[in-house]
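Participant: Keeping their order, the protein sequence lines are chains A and B.
So that you can map any letter, position 84 of the first sequence is 84 in the working numbering, and since no number is skipped, the others follow by simple counting.
So that you can map any letter, position 239 of the second sequence is 239 in the working numbering, and since no number is skipped, the others follow by simple counting.
Take the hints with a grain of salt, since some may be wrong.
[To be verified] Below 30 Å or equal to it, Euclidean Cα-Cα: the simulated DSS-like pairs (lysine-lysine) are:
| hint | chain 1 | residue 1 | chain 2 | residue 2 |
| --- | --- | --- | --- | --- |
| 1 | B | Lys63 | B | Lys132 |
| 2 | A | Lys197 | B | Lys128 |
| 3 | B | Lys210 | B | Lys232 |
| 4 | B | Lys210 | A | Lys126 |
[Said to hold, decoys possible] Over the 10 Å line for every Cβ pair with chain B, so calculated as not near, a few chain A residues:
| hint | residue |
| --- | --- |
| 5 | Gln22 |
| 6 | Val31 |
| 7 | Asp32 |
| 8 | Ser111 |
| 9 | Gly116 |
| 10 | Asp120 |
| 11 | Arg133 |
| 12 | Glu207 |
| 13 | Gly211 |
| 14 | Lys235 |
| 15 | Pro240 |
Worth flagging that the hints you see were computed from the coordinates, not collected in a lab.
Note that beta-carbon positions come from the ideal geometry of N, C-alpha and C, so glycine has one too.
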Amino acid sequence: MRFAAGVDVGSTQTKAVIMEEQAGLVARVLVDTGANVTKAAEHSFQAACNKAHIDPRDVGYVVGTGYGRYKITFGNAQMTEITCHARGASHVFPSTRTVIDMGGQDAKAISIDDSGQVLDFVMNDKCAAGTGRFLANAAEVMGIGLDEVGPLSLEGTRPVKLTTVCTVFVESDILSYLSMGRKPSDILRGVHLAMAKRTVSLARRVELHPGITMTGGVARNSGMVQALEEVLQTKLQVSPDAHFMGAIGAALFALERGDDSFETSVWRQTCVS
Amino acid sequence: MRFVAGIDSGSGFTKSIIVADSGSSIDTPVVVGLSITRTGVNMEESARRALDDAITAAGLRAKDINYIASTGFGRYSISFRDIQITEITSGSRGAYHLMPQTDLVLDIGSQSTRAISLKNDGKVRSFKTNDKCAAGSGSFIQRAAKYLEVPIEEVGDMALRATNPQPISSVCAVLAESEIINLVSTGLSVEDILRGIYDSLADRASLLLKRAGLGQRLVFIGGVAKQNGMVKALEDRLKVPVIVPPGCEYVCALGAALLGLKRLQASTTITRKGMKVKEAALHQVRETQTREFI
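Isolated chain B (complex conformation) (with noise of 0.2 Å):
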């Protein structure tokens, strides 16, 4: 049995997750831990402690984990990985992991934006990302639930009960905050200002989904996919059913995990078929694929 670890550094969050490879052929590698902590200062340190706990999960120990793959904002500050994987070679792994039909996946994360249109093996046919600018991002709900005092987790819920949703015409996340206070100060509910948001939101994606290539199956991953009035305010937007696999904030963590095993694989077969390994060779096989993979 091997165990590889999968480290999604994000920018507010870093996910950890394990799976279990049991080396035939036949079975679909398992996850058997996962873990989620609030990404800190010192991006390698929060690596260390999600995998850590993805590790007590798993039932465990350190010295199990054959392999470990990063990815994410952070993937190069962790210094103990094994390989490193952009978010969208991961992301699109995932969520065709867990959806084979899928051929368009949006990520929104707490500082970006992702749409990835799929070939249909899985692999990244093009992209786009939106990370010069919060519009559009996890942080300009977070930060509008701030100063609406609405606790995060019910802000989908209440964007749901919107009766009258309201335009939010900012673009930008700073400046939008004065004219949710000029909302707020003109009575209206915070229910139709939520929904104004995400519809905003939902603009934006639906901009970058565009821009990325055609898709019918969409896959929405990442932090901002747990809220349904985002999912809702997407339907709306695109006509399309939107589908979000559940742990939808792993999938980036999954993906590299995969990914990471997929390299595992290959470099055991190498030295089961007899040839001399060294550590130089491998690790130009292990360039070139990751070349491949990106």
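Chain A on its own, in the form it takes in the complex (with noise of 0.2 Å):
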């Protein structure tokens, strides 16, 4: 039994995967970032460990990722998350050739080759709109769970017409719709709609090729998986990991990392690209 871990530091949490040669995915754990971001690559390490009944130490090699990827300080290697998300939704997904990667405090789109290599990427690390922060804003101001809101936007029938994207703002453009008697569904759903058109417009950015899959936090929201759907006259494939794609790549890369074997056919692939 050969052992390898991914940790995901992202802004908002942190994800932790146990993999094994043979079995695949063993563990998984999600906890909060908060301010201690060590602390916080260190828990989520040991809990995704006991959860897969094993010892740390026996765990091979662990890979970093995410923003915080360099404060790990147990880890054998950092690779950036652009990278890791493409490992994770190409293995999941073996057809896919675009990522929109949607996390607490980013978005990200990147193009893949059918070996899931990075072919290119941009993303949007100036602007909290189109990330998760977005919904989770727009989810306090009406008082809303952050897990109800995806599906309550999928009932509502009469979207509103945002007239700003930015997370601050948008509380008054809520407010105002709330206080017009507007229902919190048709402006849960123009709050999708309009984020979704923010990310597919970055999206564009890169060339879009068919086979596009959808990874980070926001995947889970079941209305903005429609939202985007619907903007990009596509489906999209979201696997329910997929909040730890960038942990299983991160973990990928650790398999093949702790193989020796491995060592040499990375080394071939270089003499021979």
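With the hints as a guide, bring the two chains together.
Facilitator: Here you go:
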């Protein structure tokens, strides 16, 4: 039994997964990142080991990813979340050519080739519009749980039009629609559509090829998936583990790196290319 | 004696001001009452409250008010207005009235930042606004103060005590939150972080000012102008003195009241000349003059 781990330290949540060569994914854990990034990484890794019923020392190789990856004290290597999401997505859905990753504080679109290699990517890390924070804020203003906003938005039939996509200003938009007596479902539908349009226009800056996989925490939101599908006019591939895709990608790299024979294959690949 | 009210329905606060005009051409209009109230969800209600408070402060009664001019983000929602004026026009009129030498106005409110370049006569030459994004607006400071647990009134003074200002790289008010939390957790002083926030705002403002056009005599108005930390950050960034008129948050309301008075004078002059002014004709005059103002 050879175990490897991937720890994805996101801005909002930290994800840790344990993978085994034969069995694949054996444990996944999600914790809030909080202010202490190092502690969140350790905590999630330990919890994942407990869940897999293994000792942390049994884990041969750990790859860290996400914005807090350099704060991981126990990792063997760090990789960007772009590479890891691409790897995870193409492992779960081999037909993936484009990855749309919507996380807590950034949104990315990654274009990949048939072997899962990153060709191009764009990211929005200057503005919270189009990220999970936008949804969290909207949910808070409306007094609705974050898990409920997606399903509720699907009930909206007459979506409202937002005048802004700024996470701060949209609060007043929402409040004024509420005071006008608009239905929360219609408001949320408008919020999801505005976010989807913004994300799609970001994604169009890389070449959008069929085989679009959505990853990141926002992928758990059914309303967002639906809104993106509506704007893109195509179906998205969404795994139940979409939230963990970066960590899964990292763990896949860790499995390979922990393997000596892989060293050779990487070396060979490099020589060939 | 005629009384004109200006109401500035901003996204954060609603300001009201009442000016009195003796009717004589040599007297300048005087401010007789003012008030400020938080803008609620119902903007008209907030405007009504601000106006009532200003009337009370002036020792007047509601029927004494001859004319009401509205401005600001919520100006259209005030149904009891006689005229509405954009905050660009009212802000520059108010600033020009207080500081006739001004050629550049910076107005930073809760949700928007405006840079206005003025002609010699105080009319608007060009302007640039940022109302799509909270970075660079008062709400940025408000949010930062909230997570740093500093009362908003103290933010300015605290920032002035900074010894080693920390640049805030995030341009988004929401994303800056995690950056600020990280800075706090690395043990940096709140003073240094606050100064960094003002520097980031000053950067945004100076970009906007550059796009609006040149000017040397800058008047800084709006609620954020009350914060001395911001004034200092702007002066350091722009390398020009920044003039903040007293009552900086009322300048747009003042400008609206003054423009309203001008309108009132214009319409009564016509009546005095003995022309038969029907409601429609008067309305047409209003319309053309509004266009002229804008």
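Participant: Are the hints correct? Go through all of them and say.
Facilitator: Now the hints, each set against the structure:
1. For the proposed pair B:Lys63 and B:Lys132, the alpha carbon gap of about 39 Å is over 30 Å, so the pair is violated.
2. For the hint linking A:Lys197 to B:Lys128, the alpha-carbon distance of about 26 Å falls within 30 Å, and the restraint holds.
3. With a C-alpha separation of about 18 Å, the suggested pair B:Lys210 and B:Lys232 falls inside the 30 Å cut-off, and the hint holds.
4. For the suggested pair B:Lys210 and A:Lys126, the alpha carbons sit about 22 Å apart, so the restraint of at most 30 Å is met.
5. Consistency note on A:Gln22: stated as away from chain B, and its beta-carbon is indeed over 10 Å from all of that chain's, at 39 Å minimum.
6. The beta carbon of A:Val31 is kept farther than 10 Å from every beta carbon of chain B, the shortest such distance being approximately 16 Å.
7. For A:Asp32, the requirement that its beta carbon stay farther than 10 Å from each beta carbon of chain B is met, with the minimum near 12 Å.
8. Separation of A:Ser111 from chain B is adequate, the least Cβ-Cβ distance of about 24 Å exceeding the 10 Å criterion.
9. Listed as outside the interface, A:Gly116 is consistent with that label: its C-beta sits roughly 29 Å from the nearest C-beta of chain B, beyond the 10 Å cut-off.
10. No beta-carbon of chain B comes within 10 Å of the beta-carbon of A:Asp120; the shortest separation is about 24 Å.
11. For A:Arg133, the requirement that its beta carbon stay farther than 10 Å from each beta carbon of chain B is not met, with the minimum near 5 Å.
12. A cut-off of 10 Å between C-beta atoms confirms that A:Glu207 is not in contact with chain B; the least separation is 27 Å.
13. Even its closest Cβ contact with chain B, about 30 Å, leaves A:Gly211 beyond 10 Å, as expected for a residue assigned away from the interface.
14. Even its closest Cβ contact with chain B, about 31 Å, leaves A:Lys235 beyond 10 Å, as expected for a residue assigned away from the interface.
15. Distance check for A:Pro240 against chain B: the nearest CB is about 28 Å away, which clears 10 Å, and the non-interface claim stands.
In this structure, the earlier hints numbered 1 and 11 are contradicted, and the remaining ones agree with it.
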